[in-house]
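Enquirer: Hints given; two lone chains; assemble the complex.
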Amino acid sequence: MFGDIAKLRGKQEEAARFIQRMRRLKEKYGTISKIKEGHKDEIESFVLDGDHEAMLIFGEKEQELLGMAPGLLEFLKWVNEHGIRPSIVSELKKTLGPVGSDMITLYLNRKGIIDHFEYFITPQGKMKLSTEEQDLRYKGTSKENGTLYDELVKDLGEQGISPEECLMIGDKWSTDIKPPKQRGWTTIQYTGHIDMGQCEEADYYAKDFYEVQDIVAKLI
Amino acid sequence: MNNGMEEKKFVLMEWADGWREVTPVEADAVGLRKYFVVERVEYYGRLVVERPEDEVPDLVVTDRKPFEVKRVALVGTGASDLEKASLYAEGGRVEHNYDLVSGDGDVGAAVKKEFAEALLAEGLTAADLSGKPAAERREIIGRIAAGMKLVASTKQDDLFDFVEGLLSE
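Just so you know, the sequences run in chain order A and B.
Position 166 of the first sequence, counting from 1, maps to 166 under this note's numbering, and the rest follow consecutively.
Position 143 of the second sequence, counting from 1, maps to 363 under this note's numbering, and the rest follow consecutively.
Bound-form chain B, shown alone (with noise of 0.2 Å):
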């Protein structure tokens, strides 16, 4: 049959509502083994960012270990520590609401000066790593923020952004 499906497989899964999907598999499968459904309660964290009055905020999701974030910060604006404060219920879903409360510190000075302490320690200085070429430069942002547990949270890139941001100030 030359219909153009003999190098793509399909499957097929029906609903009982009578919605049907199509979805792409390899294309040497040669039958299905079995189906299951886990069922397993995973906890999100949100952070709202607020922008100017009537602006729709922003929003800052985290699936890493929410209920052990323990302070936020928007960068040069000071930081706050968290604290539980609330449930809410609406539904299945269930809200644990904190306060953020005014905590001391400003981040971004505190990062700046640790991260240039551990170049320092690689015997180098902002402006020597500023000098260097751009892959060199990011291998070595991106190492010794790693041995800070400095990350980011989606794309290595913002990462490089926020350093050099910080370093150039």
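One chain only, chain A, in its complex shape (with noise of 0.2 Å):
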């Protein structure tokens, strides 16, 4: 990707640089996805030299190699069919906009996926997905130390739905597997993209979306 964004801006010497820089920065966050969600300004700023040209074009090209996951389609509409309505739960620290403004949920609309997904829940609050309508409560949340997922679980206990008919599907340890976990929810460990090796909190483990599909379909 640096190499492109490199010789579209007619800097081709600069694409090592370019690369080795996101390295660094992937080292002091720990992973790619750390800084996509949290740390962007950065990529801008270090990784590419303040030029906000060559930012715009990452954005562009980080949505063109975005695929999905195997199976993904197919589960989001079996799931539906059956009436349940899942959300996204993400650590983003942008300000949370309008649809398409932050890369979630531009992701959901380019693949043309949002519509099977209710709502989405970050800490800069929740939003529903069919009409932007926004939930301040979560502001200030977090996945990690579990207080977004008290917000959710106080949330969802006023529509009468207790923690042990919640599902999380996650592949991080720490934000999407034992938080929710320890308030007595269900957890499916995805391990087709990140695999951190088996969490033991988890409840289940699976590799594609299939896999994901035949553990549900023995829950519900």
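Hint data in this document are derived by calculation from the structure and do not stem from the laboratory.
Note that the coordinates shown come from a computational prediction; the quantities given were computed from them, not determined experimentally.
Distance windows between CB atoms, simulated: (1) B:289 to A:205: 31 to 41 Å; (2) A:162 to B:233: 57 to 67 Å; (3) B:245 to A:214: 52 to 62 Å; (4) A:205 to B:279: 26 to 36 Å; (5) B:281 to A:219: 42 to 52 Å; (6) A:205 to B:236: 34 to 44 Å; (7) B:350 to A:145: 53 to 63 Å.
For glycine and all other residues, C-beta sits at the position ideal for the given N, C-alpha and C.
Expert: Following this line, the structure appears as structure tokens:
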């Protein structure tokens, strides 16, 4: 990706330096997804030498390169047909704007799967994806320290849904598996992209969404 | 045709997504022979170097037998032995993570001692070496260091700076 960006900006000789800086930034924050979720400004300022045009190209290339997990589309259709409306829980750091203004809802829109989801829940607030209506009770919470899940448990409780009826599917132990499990949720560790090894707290493991569907079929 | 291109020849490659790249080739090029794709797994070692808090860490990359690196050191702060610890996969990329286990010894002092002994074997002291002209000094340092299997990863100047720094301590 950085090779393409450098070429499009006429900075072919800088490609190796951009790549090296991105690797260093990854070591500062641990994972590429952590950079993208909360420190994207540093890709422009540190990696790309403050070149805003290059950053715009980065955004476009990033979306081009993002694929869809095997079986995801089939799973989304199937789960919706069974009357279950999944929501997305993300550690988004950027202020919640209209649909398409962050990389996650932009991705959902581009892939044509946004209608399969009910809410986009983040530390910036909860948004109903069909109406863009925002609920700011979640503001300032965090997936990692569990406060976002505390708010979610309360929110769902008001709708008559208990933690035992909730299922979280995610790949990171610290944000997707351990905190919801501690609150009584069922958890599926998805290992199809990021595989950190099996987390003991996970109830199930799946390497694609065909396996996720098989697990959910047994649970409902 | 006098369009300024008589002495330069270019290859134009075009991709399925519309991307096109221009690459200069030899001026006497007369045609294309073949195109092929090499598939090969390559391994790189990455040593992350801590900097003050909030600074982006430095990164040292090696492509020389990365699974066989046994010890690393920030000279002056002690050495660490490497022990295989865990695997982490993200997409098609797999990271083989190692623990840095405190090793013994001051690698800087050890290299200094080893170099001084090799120098003495040639009848020279560190003071003798520093009194020689720069070009001769560089020749001696390069030769002795190579005999010790001590080399610079990317620039020979780094080796001279490292050895001369140690000898001046």
